[in-house]
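2 protein chains.
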Amino acid sequence: MAKGRTEIASLGEFGLIDRLTSKFKKGNSSTICGVGDDAAVIEASRDKAVVVSTDSMLEGIDFDLTYFPPKHLGYKAVTKGISDVVAMNAVPEQITIALGISSKISVEFLDDFYEGVAFACKEAGVDLVGGDTSASLTGFVVNITAVGRAKKCDVSYRSGAKQHDLICITGDLGAPYMGLRLLERESRVLQGLENPQPQFEGHEYLLERYLKPRARYDMIESLRKEGIVPTSMIDITDGLASEVLQICKASKCGARIYLDHIPIAKQTMALADEMNIDPVIAALNGGEDYELLFTVPLDKRESIIKLGCIDIIGHITAENTGAYLVTPDGNDIALKAQGFTPKE
Amino acid sequence: MAKGRTEIASLGEFGLIDRLTSKFKKGNSSTICGVGDDAAVIEASRDKAVVVSTDSMLEGIDFDLTYFPPKHLGYKAVTKGISDVVAMNAVPEQITIALGISSKISVEFLDDFYEGVAFACKEAGVDLVGGDTSASLTGFVVNITAVGRAKKCDVSYRSGAKQHDLICITGDLGAPYMGLRLLERESRVLQGLENPQPQFEGHEYLLERYLKPRARYDMIESLRKEGIVPTSMIDITDGLASEVLQICKASKCGARIYLDHIPIAKQTMALADEMNIDPVIAALNGGEDYELLFTVPLDKRESIIKLGCIDIIGHITAENTGAYLVTPDGNDIALKAQGFTPKE
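So the protein lines, in turn, are chains P and E. The first sequence begins at 1 in the numbering used here and counts up one residue at a time. The second sequence begins at 345 in the numbering used here and counts up one residue at a time.
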């Protein structure tokens, strides 16, 4: 494990960029020019729209390097970037990465980070086509821009949900949040110990969902094969409650989702129980799930069920009825959103 | 001047985004969907390639908020983003902005920042189509992604320079660097004074070039009208020396540039003289000029001269001859690049 530490200054900015990006080859036919020029050049086609999204991850806010391995961080950065493109029902094809690099970051750290980036890119069939490196006075800063394409008629906006549409969700929710809570707990408990032995047994699923989440680009293909174009779609980064409200706001509608229909994995349930956390809160407000929340017309019910791995958790209502969580005993609880506020 | 200070927490993330972006309307016909969804959607056309570039600006590294007004910072961020698109000989059409916001930043600061963004966007005919806001533990972080389009046959890469091509440059160099040095000097001199009166008279040009630089998108249109497609092009952000070397490396060629042909404004000369700085060093290594360095075949000489405001500063040579600055007394000085190294 004892890798050497190479200072970035020993390579210089241009040497560093060469080292980090030389392994990336363009794979998509739409990539005309990748890394190494002022900008990337991407082939367009008359019937396909280009979809662009940008996201940042800041040390101390979005990740803690004491328990976030750089390889996983690189992987997760790609996921975070392309998940927004996927949420438009578009196929992600290119990313750029801009880094702010503090003095504690070594060349070996960046090698690992880019190994994770490369792995995620390969899995998702995405090309790294550009970037920027800058010094950072304080923390490691990652910005990912993702580019994808879709037929214009296939793009799913947040604004297209209609009354009576079914509200659907991929995968399960709350696992990344519980993974984070576990990492925080072990980090607290083991602080100062010389040879820390964190207890992660049985929680591998939660850790993987937090540290190495995969964007649901697989669903874009599945939905296309079933001839389903979601009337609205969003990826779940701020928690289910926040995303349902975003769709309601953009689509000028209300929603009812049923608590006992929300998919929560048994590992999530188990750790939540152990840590005295309500697993529904983890699902509603935890965030970073990178699953897809989308709506389809009522007549697509059979097609959705046929796909498997998608849960129907509720339906769209009229705007004036508001957005509610319905509990098994029939109570209605108003959904509330959470956003960030600057930290001290 | 005593504006109130509104805390971001009082608006919440979504209230903040609404406030900052509600004034931006889409203006370009290629913008299908702008701010407010998971990603922006951009119209493509069969004969035009899409060009994408990303750049970061970090507090304490790329700007100092003690003397960088937020409105100018917003303006400059747009310039920095679109300058890379322009350097591909493409027309910038969209940008996204991702911000890392520390607790010292107020809503009023962000209002001013976005006023500068809006002003620059309007001038350049560019739409703000998306972004991301995140808390930042330490400094203000700005990431700009710019998107543009060009006919595939018109894209200028760094790699196309050929032996005997003329090396051309727009505008003049070194002024932003001297503007920065002036701001640093006044900030140092006036530190701790209750009612500081910085001495900026006669230096307005230098300050404007540093605080409010304009990208040379005007040149794209001018070159097109003259039927000139540069064989290679790059924007000057790290100083002339570094950019010449980038073109030489990508194009596998050498270069000779003539010291007395390098355009330096008289205001730059005057302050450099006053501060005992070699103005040629400011031009070669200062950076942040956002001017264009490009090459054209020898037979375009008349067209270039006709355009005015472009200087021919040298020519491309064979790769094995290296890249040199030729002084008026006939000495050859090897060009050296500078990049960033992480700061303590």
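Keep in mind the hints are simulated off the structure, nothing from the lab. Worth double-checking, as some hints may not be accurate.
To be verified - In silico EDC-like links for lysine to aspartate or glutamate, alpha-carbon gap of 20 Å or less:
hint: 1; chain 1: P; residue 1: Lys151; chain 2: P; residue 2: Glu108
hint: 2; chain 1: P; residue 1: Lys252; chain 2: P; residue 2: Glu319
hint: 3; chain 1: E; residue 1: Lys496; chain 2: P; residue 2: Glu319
hint: 4; chain 1: E; residue 1: Lys556; chain 2: E; residue 2: Glu530
hint: 5; chain 1: E; residue 1: Lys495; chain 2: P; residue 2: Glu319
hint: 6; chain 1: E; residue 1: Lys496; chain 2: E; residue 2: Glu570
hint: 7; chain 1: P; residue 1: Lys252; chain 2: E; residue 2: Glu530
hint: 8; chain 1: P; residue 1: Lys249; chain 2: E; residue 2: Glu570
hint: 9; chain 1: E; residue 1: Lys495; chain 2: P; residue 2: Glu221
hint: 10; chain 1: E; residue 1: Lys569; chain 2: E; residue 2: Asp455
hint: 11; chain 1: P; residue 1: Lys151; chain 2: E; residue 2: Glu387
Said to hold, decoys possible - Which chain P residues stay away from chain E? Per the calculated CB distances, all over 12 Å, these:
hint: 12; residue: Asp37
hint: 13; residue: Asp55
hint: 14; residue: Glu59
hint: 15; residue: Ala87
hint: 16; residue: Arg185
hint: 17; residue: Lys249
hint: 18; residue: Ile281
hint: 19; residue: Cys309
hint: 20; residue: Thr321
hint: 21; residue: Thr327
Just so it is clear, CB atoms sit at the ideal spot from N, CA and C, and this is done for glycine as well.
Hint by hint, here is what the structure shows:
{"no.": "1", "hint": "P:Lys151 - P:Glu108", "result": "violated, 41 Å"}
{"no.": "2", "hint": "P:Lys252 - P:Glu319", "result": "holds, 6 Å"}
{"no.": "3", "hint": "E:Lys496 - P:Glu319", "result": "violated, 47 Å"}
{"no.": "4", "hint": "E:Lys556 - E:Glu530", "result": "holds, 18 Å"}
{"no.": "5", "hint": "E:Lys495 - P:Glu319", "result": "violated, 45 Å"}
{"no.": "6", "hint": "E:Lys496 - E:Glu570", "result": "holds, 18 Å"}
{"no.": "7", "hint": "P:Lys252 - E:Glu530", "result": "violated, 53 Å"}
{"no.": "8", "hint": "P:Lys249 - E:Glu570", "result": "violated, 50 Å"}
{"no.": "9", "hint": "E:Lys495 - P:Glu221", "result": "violated, 31 Å"}
{"no.": "10", "hint": "E:Lys569 - E:Asp455", "result": "violated, 38 Å"}
{"no.": "11", "hint": "P:Lys151 - E:Glu387", "result": "holds, 10 Å"}
{"no.": "12", "hint": "Asp37", "result": "violated, 5 Å"}
{"no.": "13", "hint": "Asp55", "result": "violated, 5 Å"}
{"no.": "14", "hint": "Glu59", "result": "violated, 7 Å"}
{"no.": "15", "hint": "Ala87", "result": "violated, 4 Å"}
{"no.": "16", "hint": "Arg185", "result": "holds, 21 Å"}
{"no.": "17", "hint": "Lys249", "result": "violated, 8 Å"}
{"no.": "18", "hint": "Ile281", "result": "holds, 19 Å"}
{"no.": "19", "hint": "Cys309", "result": "holds, 21 Å"}
{"no.": "20", "hint": "Thr321", "result": "holds, 21 Å"}
{"no.": "21", "hint": "Thr327", "result": "holds, 26 Å"}
When held up to the earlier numbered hints, the structure conflicts with 1, 3, 5, 7, 8, 9, 10, 12, 13, 14, 15 and 17 and fits the remainder.
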